[in-house]
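Trainee: Residue numbering for the sequence shown follows the working numbering, beginning at 1 and increasing consecutively.
It is worth saying that the hints were derived from the structure and are not from the lab.
Check each hint, because a few of them may be wrong.
Subject to a maximum C-alpha distance of 25 Å in a straight line, what follows is the list of computed SDA-like cross-link-like pairs (lysine to any residue) [stated by the list, open to error]:
#  : residue 1 : residue 2
1  : Lys187    : Leu96
2  : Lys74     : Ser128
3  : Lys133    : Asn48
4  : Lys93     : Ile200
5  : Lys202    : Asp120
6  : Lys58     : Thr159
7  : Lys138    : Gln78
8  : Lys89     : Ile3
9  : Lys16     : Lys202
10 : Lys121    : Arg194
11 : Lys138    : Ile3
12 : Lys133    : Trp183
13 : Lys74     : Lys58
14 : Lys138    : Ile17
15 : Lys58     : Asn48
16 : Lys58     : Lys121
17 : Lys187    : Ser128
18 : Lys202    : Leu83
19 : Lys133    : Leu8
20 : Lys74     : Thr149
21 : Lys121    : Thr149
22 : Lys121    : Arg55
23 : Lys93     : Leu109
24 : Lys138    : Leu109
25 : Lys138    : Pro65
26 : Lys74     : Ala125
27 : Lys16     : Tyr71
28 : Lys219    : Ser173
29 : Lys138    : Lys219
30 : Lys89     : Ser188
31 : Lys16     : Leu109
32 : Lys58     : Lys219
33 : Lys74     : Gly195
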Amino acid sequence: MEIIREDLESASARRKIINQLSLALSQGLLIIAPIAQGYAYICDGRSNFAVGRVREIKGYDSSVPLVNLVYGPKQIEQYCDSLTSEQIKLLQKFALGPLVIERESQAQLRFSFGSRVLPDKLLFAQASNPIMKSLCRKVGPLAFSPLMTNSGEERHILTDLTTLPEESAQNASFFLHVNQDSWSKAKSTLIAMRGVEVVIRKIGDITESSIREIVPRAKVEL
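Construct all of the structure, not just a fragment, from the sequences and the given hints.
Mentor: Next up, the structure:
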């Protein structure tokens, strides 16, 4: 099912779409929806089945972690230990920036009925699209993997769903279109939040100095 801008014009229509998408995600289905840089496969991040499907489609090894979209710091704390005030300020400053956060999951949430349900560490990014934020609130963290397209010798994230290959379209149940003239081209910065520490693991467009403005004692492990 394709969802276009006209389907989201009223509040009641948006609620209906969010309910439809959340039901599909809870059933282990995949949707194609926007992240800040373009379109991605999206699934329920707590579903081993759905995450496994994304890995299979993308040809990833089982050890490759997917990044989870969240609506904000509070959702990270639901699955990981509480964040410090400095860590929260950092997330709030770069809420719409290319920041990826690594955080250990709560040990008591990793197992249920003898089955592993959460990895020891989780990766998070904050959702920018309003519909995706609402979905995160309703469903929980949403694992994603960008849809890539070749342009000459370079690979880019797909930004136009009208050019989506048929074989990719067959993997998803819903397609959320957005009318967007420009997409973020920023390179992600990866930080690990280990306990009360902030450790810079990879520097992108969010610089070390801008992080140190909020967390002066931030470490660097590149």
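Trainee: Checking each numbered hint in turn, tell me which of them this model violates, lowest number first.
Mentor: Hints 8, 9, 13, 20, 21, 23, 28, 29, 31 and 32 contradicted; others consistent.
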